[in-house]
Amino acid sequence: KVVLDSGDNDLFQIDSCGTGGGLSSWYTTDPPQAYHEGENADERMMRAAKARDIILTSISRPLTRQDLEDQDHIIVMDKSNLAEVKRAAEHWGGEYPKLAQEKTSMMMDYCS
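So in the working numbering, spot 25 of the sequence shown is number 25, and the numbers just go up one at a time.
The set of hints was computed from the structure by calculation and includes no laboratory data.
Heads up, some of the hints might be wrong.
[To be verified] Pairs of lysine-lysine, DSSO-like flavour, derived with a Cα cap of 27 Å:
#: 1; residue 1: Lys98; residue 2: Lys86
#: 2; residue 1: Lys50; residue 2: Lys1
#: 3; residue 1: Lys1; residue 2: Lys98
#: 4; residue 1: Lys79; residue 2: Lys103
#: 5; residue 1: Lys103; residue 2: Lys86
#: 6; residue 1: Lys98; residue 2: Lys79
#: 7; residue 1: Lys1; residue 2: Lys103
Source: prediction; values computed, not measured.
The task is simple: from the sequences and hints, build the whole structure.
Here it is, written out as structure tokens:
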């Protein structure tokens, strides 16, 4: 909403994905699988977003190698998600641990 309201939405590609939703081996398959894959956002999140005039249209999907390759930033909600991104990147090997280290940060890093 902030980007849309700024008029700069053509400068951004914003996406959402998860880190397994409780499925501990989510990143070990190709493509990765997530517990909530294909589902709408959580009802509580949808209500909270709607109260702020934000409509959530995304469908749940897991983080993939392609996300680490293509996205400039991977912003996670908490330390658990941060650990999962790094764990997946280590499992995928190659350039992925470095990409995860360089691109991943926590949402609270942007709060003042």
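Comparing the hints with the structure gives:
no.: 1; hint: Lys98 / Lys86; verdict: 9 Å, holds
no.: 2; hint: Lys50 / Lys1; verdict: 11 Å, holds
no.: 3; hint: Lys1 / Lys98; verdict: 31 Å, violated
no.: 4; hint: Lys79 / Lys103; verdict: 15 Å, holds
no.: 5; hint: Lys103 / Lys86; verdict: 11 Å, holds
no.: 6; hint: Lys98 / Lys79; verdict: 18 Å, holds
no.: 7; hint: Lys1 / Lys103; verdict: 22 Å, holds
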